[in-house]
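Engineer: All chains, full assembly: derive it from the sequences and hints.
Quick mapping for you: the protein sequence lines, in order, are chains A and B.
Be aware that the first sequence starts at 48, since it is given in this note's numbering, and climbs by one per residue.
Be aware that the second sequence starts at 48, since it is given in this note's numbering, and climbs by one per residue.
Treat the hints with care, since some could be wrong.
Because identical chains cannot be distinguished in the list, a pair is counted as satisfied if it fits within a single copy or across any two copies.
[Said to hold, decoys possible] SDA-like cross-link-like pairs, simulated, lysine to any residue; straight-line CA separation at most 25 Å:
id, residue 1, residue 2
1, K182, R71
2, K157, L64
3, K182, E166
4, K132, A175
5, K182, A124
6, K132, C172
7, K157, P115
8, K157, I192
Hints listed in this document are in silico derivations from the structure and should not be mistaken for laboratory results.
This is what each chain is made of:
Protein chains: 2
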Amino acid sequence: MAAPPDEFHLERFLPYLVHRVGSRLADGFGVEFDAVGVHLQEWRVLSVLNEYGPQTMGDLARRTSITPATMTRVIGAMETRNLVKRERPVANQRTVFVRMLDDGRAVVAKLIPQVIEYELRISSCFTAAELQIFKSLLSRLFHSITADEEDAGRLAG
Amino acid sequence: MAAPPDEFHLERFLPYLVHRVGSRLADGFGVEFDAVGVHLQEWRVLSVLNEYGPQTMGDLARRTSITPATMTRVIGAMETRNLVKRERPVANQRTVFVRMLDDGRAVVAKLIPQVIEYELRISSCFTAAELQIFKSLLSRLFHSITADEEDAGRLAG
DNA sequence: AAAAAACATTTTCATATGAAAATATTCCAA
DNA sequence: TTGGAATATTTTCATATGAAAATGTTTTTT
Chain A
48 MAAPPDEFHL ERFLPYLVHR VGSRLADGFG VEFDAVGVHL QEWRVLSVLN
98 EYGPQTMGDL ARRTSITPAT MTRVIGAMET RNLVKRERPV ANQRTVFVRM
148 LDDGRAVVAK LIPQVIEYEL RISSCFTAAE LQIFKSLLSR LFHSITADEE
198 DAGRLAG
Chain B
48 MAAPPDEFHL ERFLPYLVHR VGSRLADGFG VEFDAVGVHL QEWRVLSVLN
98 EYGPQTMGDL ARRTSITPAT MTRVIGAMET RNLVKRERPV ANQRTVFVRM
148 LDDGRAVVAK LIPQVIEYEL RISSCFTAAE LQIFKSLLSR LFHSITADEE
198 DAGRLAG
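Structural biologist: Right, dumping it as structure tokens:
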């Protein structure tokens, strides 16, 4: 019997660990929204609008990790349902600001308790302290990677 | 000035934190493979084959978080390039086992040092202890979520 | 042992995706 | 002030995706 091909182990490989957790979370998360009639991507947009207020298509794209081309389509669909509204600022007419409308706020208000409950449920395997540490490490990693990409794709506003 | 709409904060919301790290990792990771001529999905397949040996399409799909329909296509493409080989076991002919070929092993051998270097680079924001804790927490969360889904989608082999 | 149910994979088909091109606006340099 | 370079968004178009149907196999009933 030969030795293992390498000293590399998937179960301790950071990108693999993150990817499979991300996939599982997205799967379990998706079903939460069917009832309210929004897609996961739409929740992402609404939650970012809720957190940071009106912002450009580009900022939305960066903050949600959705590409600009897709963001155009997602916002288009949300606009026809009166969840959000596009407006071109007089100051800089090449940007498009997206603003949440009342119907969007109503959806957010309905979803927030659900997602809080969801987070609570999935994090039941952690102590409160562990959860805090975990979030901090995720946050630190994100900012570290993002800084690596240097000035490319800076967030405005 | 009105109070914030809610006591909910995206920057401390676990699914958001995981999703944005996952997206960034996949982005940065993708470019590593262009040189070697494989796609991210193909690395995922090869690394899982490297770790767990020959296995069915279904196991591959679950372990890589790739859907069966897509897995059929990914394996098809890898087969024509002689990275892997399909075989129907006599014992159970409704399954299809996938086995790595020499060309696949050569790709893995080339990629592993690269991905180790990549992991090292992105985790430079952590101490060794933090990194271990982080991985353990990711692992724990995954297994906890997966157990929640109960018996659905069990891994064979 | 035949019929039905369960299982594993592949195919079909309608939709989603993103890279690159097109469009539109603003900034900057001469 | 004008002509490009830079920026922001949208559109086009070729490809990727996954749900559900189709196919083929095994297991369980009866």
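Engineer: State for each hint whether it applies.
Structural biologist: Evaluated hints:
no., hint, in the structure
1, K182 - R71, "both (17 Å within a copy, 16 Å between copies)"
2, K157 - L64, "between (31 Å within a copy, 21 Å between copies)"
3, K182 - E166, "both (12 Å within a copy, 19 Å between copies)"
4, K132 - A175, "neither (39 Å within a copy, 47 Å between copies)"
5, K182 - A124, "neither (32 Å within a copy, 38 Å between copies)"
6, K132 - C172, "neither (40 Å within a copy, 39 Å between copies)"
7, K157 - P115, "neither (27 Å within a copy, 34 Å between copies)"
8, K157 - I192, "between (33 Å within a copy, 24 Å between copies)"
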